[in-house]
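Produce the entire structure from the sequences given, and follow the hints as far as they go.
2 protein chains.
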Amino acid sequence: MYKPNKKMGKLIIENRSEIFRPSARTERTPASVTRDILKVIDTPGMISFAGGLPDDTLFPIQDLKNIFETSVSKKGPKLFQYADTQGHSDLRAWITERYYPGSSAEEILLTSGSQQALDLLSRYFIEEGSPILLERPSYLGAIQVFSSYAPLFIGINYTEEGPDIEELKYALTTSSERPKFFYCIPDFQNPSSYSYSLEIRNSLSKLLLENGVPILEDTAYRELYFQEQLPISLCEIGPEHTISIGTFSKTLAPGLRVGWIKAPKKILKDLIVQKQSMDLHSATLNQELVYGFVSSSKYEEHLSLIRKSYRRKSEHTFDCFRKNFGDSLPLQISKGGLFYWLEFPQEIDTDLLFQKCLEKGLATVPGSSFFVGKPERNHLRWNFSNASEEETKIGVERLFEVYREMS
Amino acid sequence: MYKPNKKMGKLIIENRSEIFRPSARTERTPASVTRDILKVIDTPGMISFAGGLPDDTLFPIQDLKNIFETSVSKKGPKLFQYADTQGHSDLRAWITERYYPGSSAEEILLTSGSQQALDLLSRYFIEEGSPILLERPSYLGAIQVFSSYAPLFIGINYTEEGPDIEELKYALTTSSERPKFFYCIPDFQNPSSYSYSLEIRNSLSKLLLENGVPILEDTAYRELYFQEQLPISLCEIGPEHTISIGTFSKTLAPGLRVGWIKAPKKILKDLIVQKQSMDLHSATLNQELVYGFVSSSKYEEHLSLIRKSYRRKSEHTFDCFRKNFGDSLPLQISKGGLFYWLEFPQEIDTDLLFQKCLEKGLATVPGSSFFVGKPERNHLRWNFSNASEEETKIGVERLFEVYREMS
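Protein chains in written order, with full-length UniProt numbering: chain A, 1 to 407; chain B, 1 to 407.
No lab work stands behind these hints, which were simulated from the structure alone. Here the structure is a predicted model, which means the values were calculated and not measured. Backbone N, C-alpha and C fix where the C-beta goes; we use that ideal spot for every residue, glycine too. Heads up, some of the hints might be wrong.
Stated by the list, open to error - Have a look at the derived ranges for each label pair, beta carbon to beta carbon: (1) B:75 <-> A:39: 18 to 24 Å; (2) B:89 <-> A:106: 36 to 42 Å; (3) B:31 <-> A:45: 48 to 54 Å; (4) B:295 <-> A:210: 56 to 62 Å; (5) A:27 <-> B:169: 30 to 36 Å; (6) A:295 <-> B:210: 54 to 60 Å; (7) A:62 <-> B:39: 35 to 41 Å; (8) B:269 <-> A:391: 30 to 36 Å; (9) B:40 <-> A:62: 38 to 44 Å; (10) B:305 <-> A:45: 47 to 53 Å; (11) B:75 <-> A:303: 21 to 27 Å; (12) A:75 <-> B:43: 17 to 23 Å; (13) B:303 <-> A:227: 53 to 59 Å; (14) A:207 <-> B:391: 54 to 60 Å.
Unchecked claim - Simulated crosslink set (EDC-like; lysine to aspartate or glutamate; CA at most 20 Å straight-line): (15) A:78 <-> B:56; (16) A:78 <-> B:391; (17) A:393 <-> A:405; (18) B:39 <-> A:106.
Below you can see the structure in the form of structure tokens.
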């Protein structure tokens, strides 16, 4: 075995910090706050409303077990062999049929969750300095991955009806370069829980098409409606200029890491090449488990079950807030998704509130993490799908206590 | 529903090609030849020696089934919930114990196969124009993903003992900028099947350390020895300046997509942030299945089984070549790995040979795909682990037939 001599040992120490010279990309990728919070939620006594975690007691474990057995018996070793980059063809066909009627399985690429879809599309589109449009606030995982590609962020305020169209028009006229895309979550957005009205969907799609700007529509929460289905998707309105991203993380199980991109065939070919270079293909077994479940009659039942359960949890959460905060938080009962977007008075700095809450054994996410540009600092994102009713009761009480101390 | 008016319909047609404007990165990522070949191997009558496919009849399916059942019963829903980015802690500990004695599980990051490890390290290191060192020939999946980051490739000839050290010295002295890393496969390389001698391992590690250049060591084939274990790994020789990449794709099953990076703790933190932004984390279930199997007593048995089986297949392949080609191909019997690197006389263009073989129902990979810079055009890569003995017999005969026609 090679033993470094004294001189070399010294070399190691002197040069170590310099041997590995990261790219500028590394320096500019921010750590994800929620991922960091996920690490502290195992602290004893900590109650967490931080992650966008589905309720894992509702996962159809027994069904997945049965599907695994049947699939392994039926498909054998092929389930564990290298496979096609584009992904499970039956699952792709199922996705088109359910979400993109009239389009073909050839327009779908399966990904390792929708986070990989975002990374892949960033790779595809973004040059350093490319202007990209996105909502204010927006999903922090998207902001994180976009940041690593160093775009020029243009934030458009997300109101209760959808993005501010006048602001969008202004941005489109004043941008020195045509934006590469508009990234948006039109359905029960993370974090705001707002959705686009039908009117906004139509005018936004038209406006972006006229300006030659593609839409990246993230549909992660679209199935999680508590009252009525949302209006038609942007992808159905304008399939020619919309790329749609979806995931089974919220409707089935995030640990399986199965998501997808739906894009016009012509560009999908290039996306597949990128995916090849990123990880060859996503795990075959996971796609098979998802397909086995969603293509069975049990999927609709399961969706009804989680909608009912999350609705009940959102109502309970709402009641707890009302009981503790009275009218001091302007909250509306949730219509879907996984989050309450708590708006505090301007004088409350939620970065500080968040820190103080952590000390009291309460994890949430400070609103500032969801903004590009100058952040608003008076929101907290509160997940209601994961905690039990009792935890929610205690959690809201803890929050109120900290809030009272600060105001 | 929104219906585009005539004017808009026209707009769609005129602008469609321009609406999606890919990055330069997209333009420069080459499609992977093997992935494309994988698509044609289902043609009736086609025999393939193209992919680096392990023999799937040897996959321990029944064991994986049992592990799945036990794990689901024991860990329940947590197996399907969001999980830590760094990956399964027991599996990380197992990897360190087996491959990196003396280091800690904190130095391991689990990835979706080793291809993702290569992408992640490219992200971490490469700026446009960064010089990087790699072997000539080298793994085409690595060349593909590196290419998308637009480095300046510096190829170092891989001889039967390892890289040409004098050439490496020359490259280090003449490079205008210090190379970001040296990427290498010291064990039964893909495609050449060469390995580094102990002497080369020691001098190469020392030379690169003295020049402040980190090593990315790809250990994909290290376990697949047919006679004796290979000398100490570069990572054991110089852990301070070596990042090691590994995978369970060749030793267990590639469809599970489980690989890893072993790197000094200090830089691993940054790698984890990149991984967060890429896909949050790799699938929990797959890591659990791998852990269940490799930590059991069955893993060693399984490794013995595949070593024996691949050795037998490599010997059979060798015999077929001898029988058909006699001395016209300078072949040595394989010592490990998955490939024969066939060297034809200079006047045979293997790009053309490859095409003619495809027409005869025989898939291989032309050698030119494995070179950065000016490719050598007289090699074919021949995988021996996947085909049956009968297929191998017919395959070699077909190859010889085409070869005879060309010479």
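Here is what the structure says about each hint:
For the hinted restraint 18 to 24 Å between residue 75 of chain B and residue 39 of chain A, the CB-CB distance of approximately 19 Å keeps it satisfied. Separated by about 40 Å at the C-beta atoms, residue 89 of chain B and residue 106 of chain A satisfy the suggested range of 36 to 42 Å. About 53 Å separates the C-beta atoms of residue 31 of chain B and residue 45 of chain A, a value consistent with the hinted range of 48 to 54 Å. The given range of 56 to 62 Å is respected by residue 295 of chain B and residue 210 of chain A, whose C-beta atoms sit roughly 59 Å from each other.
With their beta carbons about 31 Å apart, residue 27 of chain A and residue 169 of chain B fall inside the hinted range of 30 to 36 Å. At about 59 Å, the CB distance of residue 295 of chain A to residue 210 of chain B agrees with the hint of 54 to 60 Å. At about 37 Å, the CB distance of residue 62 of chain A to residue 39 of chain B agrees with the hint of 35 to 41 Å. For residue 269 of chain B and residue 391 of chain A, the hinted distance range of 30 to 36 Å is satisfied, since their beta carbons lie about 31 Å from each other.
Between residue 40 of chain B and residue 62 of chain A the C-beta distance comes to about 40 Å, which sits within the given range of 38 to 44 Å. Checked against the hint of 47 to 53 Å, the pair residue 305 of chain B and residue 45 of chain A passes, with Cβ atoms roughly 49 Å apart. Evaluation of the 21 to 27 Å hint for residue 75 of chain B and residue 303 of chain A yields a pass: the beta carbon distance comes to about 25 Å. A C-beta distance of roughly 21 Å is found between residue 75 of chain A and residue 43 of chain B, which places it inside the suggested range of 17 to 23 Å.
Distance hint check for residue 303 of chain B and residue 227 of chain A: the Cβ-Cβ separation is about 57 Å, which falls inside the suggested range of 53 to 59 Å. Judged by the Cβ atoms, the range 54 to 60 Å given for residue 207 of chain A and residue 391 of chain B holds: they are separated by roughly 58 Å. At roughly 7 Å between alpha-carbon atoms, residue 78 of chain A and residue 56 of chain B fall within 20 Å of each other, so this suggested pair holds. For the proposed pair residue 78 of chain A and residue 391 of chain B, the alpha carbon gap of about 19 Å is at most 20 Å, so the pair holds.
Taking the CA atoms of residue 393 of chain A and residue 405 of chain A, the gap is near 19 Å; set against the 20 Å cutoff, the hint holds. For the proposed pair residue 39 of chain B and residue 106 of chain A, the alpha carbon gap of about 14 Å is at most 20 Å, so the pair holds.
In this structure, none of the earlier numbered hints is contradicted; all agree with it.
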